[in-house]
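Each protein sequence line maps, in turn, to chains A and B. For the first sequence, the working numbering begins at 1 and goes up steadily by one. For the second sequence, the working numbering begins at 450 and goes up steadily by one.
Heads up, a few of these hints could be off.
[What the hints assert, rightly or not] With a cut-off of at most 20 Å between alpha-carbon atoms, the simulated SDA-like pairs for lysine to any residue come out as follows:
hint, chain 1, residue 1, chain 2, residue 2
1, B, K587, A, G12
2, B, K608, B, R569
3, A, K219, A, T158
4, B, K564, A, M1
5, B, K520, A, V428
6, B, K461, A, R447
7, B, K524, A, F431
8, B, K505, A, I7
9, A, K8, B, P563
10, A, K362, B, G561
11, B, K524, A, D356
12, A, K155, A, P121
13, A, K18, B, K587
14, B, K532, A, L382
15, A, K362, B, K608
16, B, K564, A, T158
Read the hints as simulated data drawn from the structure, not as lab findings. All figures in this text were calculated on a predicted structure; none of them were measured in a lab.
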Amino acid sequence: MNNLDLIKMALGNLLRRKTRTLLTILGVVIGTSSIVVMLSLGIAMDYSFKEQLSRMGSLNLIDVNNYGFYGEGIAPGGGKDLKLDDHAVNSIRQIQGVQGVMPIKTAYVRIVAGKMMGNLPVIGIQPELMEVFDFKVETGRLLMASDKDAIVFGKQITMNFYNPRLRNPQFGPMGPEPPKIDLMNNKLILTTSMEYGERRMAGVERDPNQKPPKLYKVKGVGILQESQSEKDYNAYMHMDTLQKILEESQRTEQGEGQRRRGSQQNDQYERVSVKVEDINQVEAVQEQIKTMGFQPFSLTDMLKSMKETSRKMQAILGGIGAVSLFVAAIGITNTMVMSIYERTREIGVMKVLGADLTDIRKLFLLEAGMIGFGGGLLGLVLSYLISLGLNKIGGGFLGGMGGNTGISVIPFQLAMAALAFSTIVGLVSGFSPARRAMNLSALEAIRSE
Amino acid sequence: MVNIQNVRKVYKIGEERVVALNDISLKIHPEEICCFLGTSGSGKSTLLNIMAGLEKPTKGTITIQGKKIEKMSEKEVTKFRQKNIGFVFQSYNLLPSLTALENVSLPLTFRGVPKNMRDRIAMEMLESVGLKKHIAHKPSQMSGGQQQRVGIARAFVSKPPIVFADEPTGNLDSKTTEEVMSLMLNMAREYKQTLILVTHDKSIAEFADRIVYILDGNIEKVEEKGLMKGAGIE
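Bound conformation, chain A alone (with noise of 0.2 Å):
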């Protein structure tokens, strides 16, 4: 027989008994929907998770501080002198996947432009690595290699700055509104000092030894887009100038015995961040990093965390879902033993007329096997309606948590998995069916009334 003439039997058998065929396959609708709706919850938890989390940054970042990695004895490298340096910055250049690695110095500077004041923390860091690190410029450009005494603010650095003329100079992220400050054409002065440009009080001896702070001149090349990260707050500049800065001022300072602590060591970085070209390696590479001896820590972390608890959810509900396919599958068998009972003089028929013994088990396979896929058609459907539903309703009261996820997803892959799933749940339940309609002797069927 060829496929065509056995599909169209199998659907003709199939019709003959509407009303039990679709009983069948509503249960099967039942079973396939609910796995399906079930773990779309689970699913649209892992989304949301995700979403929030890289809201909080990239996903594909590591951080590497400089502490919490000697004293802790757990680490391989604990009780070593590990430092945070050059050579380490390599040896994690060098890691399978690592795409760039930013070493980081952080420097609290005041920046004096015009009538304003403000101080921020800049951040030294290599310009080339900028479009690696997804810096993207609102207006200006980036740093280029060459920009000794240029500057890139992060957005909302503005914040920082205030007049000290003004009796409440105070504007702050609090203030009525941002100040007025244009840091792209205004010339700029870097000090490190703090006391710089302070009206000095009344009845304050100036300490004759101390120098004047040094001075720098800088200029504002660019403003980053907003991005909801640390990027805002920062303001960033070439790592040699900010190196250099950083060793005048602690010339000028060591006077007053205001040495930095050791995080600002000259050859040492004050953070390391490493980007990880697919997300999926993030994982690997932190381990890597762990077993030099170093304390990584990244947004996966976390996810991973989270992806166990949906995970878990996952299982449960869609274990639940699965329950009543399996009721399901159970409707089928039964439906298919039924229909042999029924149709034990026809396949007796058959065989005498020369149906071939595989043909008629391909019949009643097929037979299972459609109402398994129409099923789980039909199932898929009605998951997408009560996906639908879901998020309609439940939408409103989780949409604060969820964000513009929803609680309930099904991927595209969900389906096709469902509906494999269902047709394969029907193919096994009319496997021995099948089996028992082909080796029916023809004879007794023939003689069965």
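Following the hints, position chain B against chain A.
Below, chain B alone, put in the same frame as chain A:
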């Protein structure tokens, strides 16, 4: 064509052994119309089932076209039937969900003949049994005689060398019986087929070239009607 050699069939019913066929040997010639006549319980139907490979003999061999039926696996027997044997049943055994045309073309469907070709052949068959107007009818919409004519068309549609008919007129009235019988005989003669009939009705047996009387699992006597001289008990 069909060579029956020392066939014995014993059924075990509980502790009791029932001998359905004792020791039967017979040669059926090509294009012969042969009738097995006997009362119910004589073993004639068992013999037919064994010849068709639906049952295996306890002893003895059946050779059809040089092939030993009882040695074949079920799969092989089915294939063999598909190619060589047509069947007419007492209770018609049409598939209720299929139309007359689909029922007739069923053996061709099993052989994998493409639809347009098998529909054409089936149509011709239905025409020759006089049911041209009923091609789209389901079995439930037809009378017994019509159904049996569909059954005959189905048995002959693939032009098998041998057609078995088990009490083909058992459920029909005498007038229809006459029609159905002559239809079958004409077809068998036209396509040069071997027709093997099984019946308890003497008047039906009269249509055959040779009547084999079966009694209690043995051949009682063989009655020949002129044409096929020389054929007989081995």
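Worksheet item: Going back to the hint list, which numbers does this structure go against?
Response: 5, 8, 14, 15 and 16
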